[in-house]
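A.B. asks: Below are the chains, spelled out letter by letter.
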Amino acid sequence: MRIILILIQKEFLQVFRNKTLLPLIFVLPIVQLLVLVNAATQEMRNIKVVIVDQDYSSLSRQLVSKFDASDFFNVQKVIDNKQDGIELFKNGSSDMILVIKNDTEADLLNNQESSVQILTNAINSTRAQLSFAYARSVISDFNYDLKIELSDFNVGKRIQTQSLFWFNTELNSKYYMLPGILVILLTIIGMFMSAMNLVREKEIGTMEQINVTPVRKSQFIIAKLVPFWIIGIFELTLGLFIGKLVYDIPIVGNLMVLYSFAAVYLIAILGFGLFLSTLANTQQQVMLMSFFFLLVFVMMSGIFTAYENMPTWAKIIDIVNPLYYFMNVVRMVLLKGSGFADVAKYFYGISGIALLIVPLAIWNYRKTS
Amino acid sequence: MIEVRNLKKQYGDLIAVNDVSFSVNEGELFGVIGPDGAGKTTLFRMINSLIIPDSGSVSLWGLNPVTDYKAIREMIGYMPGRFSLYEDLSVEENLEFFATVFGTTIEENYHLIKDIYAQIEPFKKRKAGQLSGGMKQKLALSCALIHKPRILVLDEPTTGVDAVSRYEFWDMLIKLKQNNITILVSTPYMDEASKCDRVALMQNGHVLMVDTPWGIENGFSTSLYGLKTINKYKLIQFLRSSVSCKSVYPFGEYLHYCDKREDVNEKILIEELKQAGFFDAIVDEVKPGIEDRFMELMGNVI
Chain C
1222 MRIILILIQK EFLQVFRNKT LLPLIFVLPI VQLLVLVNAA TQEMRNIKVV IVDQDYSSLS
1282 RQLVSKFDAS DFFNVQKVID NKQDGIELFK NGSSDMILVI KNDTEADLLN NQESSVQILT
1342 NAINSTRAQL SFAYARSVIS DFNYDLKIEL SDFNVGKRIQ TQSLFWFNTE LNSKYYMLPG
1402 ILVILLTIIG MFMSAMNLVR EKEIGTMEQI NVTPVRKSQF IIAKLVPFWI IGIFELTLGL
1462 FIGKLVYDIP IVGNLMVLYS FAAVYLIAIL GFGLFLSTLA NTQQQVMLMS FFFLLVFVMM
1522 SGIFTAYENM PTWAKIIDIV NPLYYFMNVV RMVLLKGSGF ADVAKYFYGI SGIALLIVPL
1582 AIWNYRKTS
Chain V
2 MIEVRNLKKQ YGDLIAVNDV SFSVNEGELF GVIGPDGAGK TTLFRMINSL IIPDSGSVSL
62 WGLNPVTDYK AIREMIGYMP GRFSLYEDLS VEENLEFFAT VFGTTIEENY HLIKDIYAQI
122 EPFKKRKAGQ LSGGMKQKLA LSCALIHKPR ILVLDEPTTG VDAVSRYEFW DMLIKLKQNN
182 ITILVSTPYM DEASKCDRVA LMQNGHVLMV DTPWGIENGF STSLYGLKTI NKYKLIQFLR
242 SSVSCKSVYP FGEYLHYCDK REDVNEKILI EELKQAGFFD AIVDEVKPGI EDRFMELMGN
302 VI
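Residue numbers (our numbering), protein chains in the order written: chain C, 1222 to 1590; chain V, 2 to 303.
What the hints contain is simulated information worked out from the structure, not anything from laboratory work. There may be inaccurate statements among the hints.
[Unchecked claim] Here chain C is said to cover these stretches of chain V; the calculated rule only asks that three of the stretch's residues, wherever they fall, bring their Cβ under 8 Å from a Cβ of chain C: (1) 90-103; (2) 163-176; (3) 239-251.
[Said to hold, decoys possible] Cβ pair distances, simulated, as ranges: (4) V:Glu27 / C:Leu1516: 19 to 29 Å; (5) C:Thr1241 / V:Gly216: 50 to 60 Å; (6) C:Pro1580 / V:Glu4: 54 to 64 Å; (7) C:Phe1561 / V:Asn65: 47 to 57 Å; (8) C:Pro1532 / V:Gly104: 49 to 59 Å; (9) C:Pro1580 / V:Thr213: 45 to 55 Å; (10) V:Gly104 / C:Asn1389: 55 to 65 Å.
All values derive from a computational prediction rather than experimental measurement. Note that CB positions come from ideal geometry on N, CA and C, so glycine has one too.
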């Protein structure tokens, strides 16, 4: 026990003296949470629209003003030549073109039906889909007003939809992104820093000296991982504080659930870092390896994209993706207030990964040194 | 008492240590001398339990490094060839760390390291990475000694150290013998052999010979001549092509030469050289040193 304590004390001394690591531990979370949460937003505002109005009718003017009034759209120009609109589209000064062709109003009055054309810039498909959906909702809204206006009598029976966004009523993307970025943060601490720290001893040769002392491998590993486990828990706390103070994120659930999960998650991810460190001889190698895995894990975790939309094979791969579990749990607990029973399946998953990777890492560690 | 028997370690096709046997007595300062790549480090790493031999055995007072490595690590003080203390910890913290790891304190064994540590104690708050080469070496030795080891294993401690520090270092080792610590030290410098009680000459994984430095020098089989001329290169070429030449190699400003003939002497040699056109040649019989013996032994292996 005394050996483990002196080893842990040594680790902390080294971390606090490390001029690169220390700022990373304190500055990284603050910057990530302040910058990324704001930057990585999926909300769409100010979609630049050019309207090609060839109709010049009162109806078309009403439609234009409807778009103008919307928060989502920013009507750049109203022109009458479609070709000019497409030019604007091409040079990037417009995201969407709405074409109201000639005789739209007349068609509507005579045939009870007419159509408009929407062109969107699909370089970013998410953005294109969203702006298309927004445009449609504006038009259907317009349709509804139109019916009342054009008929002398009541519109008749119809079903009206009223939507409510549960667990994030304002559709505030920050509530969604912040927990996700917290997960990445803990992963960086757990995987990168611990792996690099372990390889460092190999690289500078101190491992050789430690190996001829009575320090056992298990003691050495424990002492290497415990400080980063503690730093990880500290980072989570720091992140939640920033989230509450700066973004006022809802903390609906029990934090005990979140911390218990984070405790297991950190063990799994530290085990993964240890495993990577056994495969590398230099800090550079282990850096590149961790970077590769982090990227795959993050992209597949569901931080930006919905897990449900992934193909089946990707969902199967996610079974071994520790970030997938934590990404779900952190959002469920913070936004939805899930309890232990609700996140049980994720607990089993992450515990399974931990039980698999930690012994594997220790076994590989013993074999290689 | 260290007993090494038929020790062998192979890396792929390279046999790093090949059938090495020797023994070291308690309290002895034992040197393993050989050029880079001779297998010294591999040999030491097998003795101190860091790697497992392919065959053969090591016994340290009856303990086997493969099976009794726990007990062995308690009694060994090891100083690897490369400085491997924590450069971001201070002098004092390093020493305290190693003392605690071995379950002891600095105070308990301070008497052992006093002479050495006293020289770096004024800088005890300084980070180990900021010490000079000589001071690093003293700190490493202090850390290897702090748990009162029975045997000290030093892998090329004087490589890359200036001449004065080297001299000082050997003096420290000789002083340490008074504490009845058995010291195993390797070095590529032949001149350091004379400081050891006994030395093993090592080359290409083999131990060529184990003897006292004095014994090694006296084992030289024939007369050795020091030859000097202006055109050293031409002289070497001439001698190598001569039928009576046993060996010739440059040695500082001289050439060291051995002749196959029994009845040769300085006068005969000078005559022969003059006939060959080396009019300025000087020939003296010289006392063979450890290097000469090493060259002779190496010649036998090759």
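A.B. asks: Hint by hint, say whether it matches the structure.
C.D. replies: Verification of the supplied hints:
Only residues whose C-beta sits within less than 8 Å of a C-beta in chain C count toward coverage, and the stretch 90-103 of chain V has 7 of them, enough to reach three; the restraint holds. Requiring three or more residues with a Cβ within less than 8 Å of a Cβ of chain C, the coverage given for the stretch 163-176 of chain V is violated, as only 0 such residues are present. Here the stretch 239-251 of chain V counts 0 residues with a CB under 8 Å from a CB of chain C, which misses the bar of 3, and the coverage is violated. At about 59 Å, the beta-carbon gap between glutamate 27 (chain V) and leucine 1516 (chain C) misses the expected band of 19 to 29 Å.
At roughly 55 Å, the beta carbons of threonine 1241 (chain C) and glycine 216 (chain V) sit within the given window of 50 to 60 Å. In this structure the hint that proline 1580 (chain C) and glutamate 4 (chain V) lie 54 to 64 Å apart at CB is violated, the actual value being about 38 Å. A hinted range of 47 to 57 Å holds for the C-beta pair phenylalanine 1561 (chain C) and asparagine 65 (chain V), which are about 52 Å apart. A beta carbon spacing of about 57 Å between proline 1532 (chain C) and glycine 104 (chain V) agrees with the range 49 to 59 Å that was offered as a hint.
Look at proline 1580 (chain C) against threonine 213 (chain V): about 53 Å separates their beta carbons, and that is inside 45 to 55 Å. Distance hint for glycine 104 (chain V) and asparagine 1389 (chain C): a CB-CB separation of about 57 Å, consistent with the stated range 55 to 65 Å.
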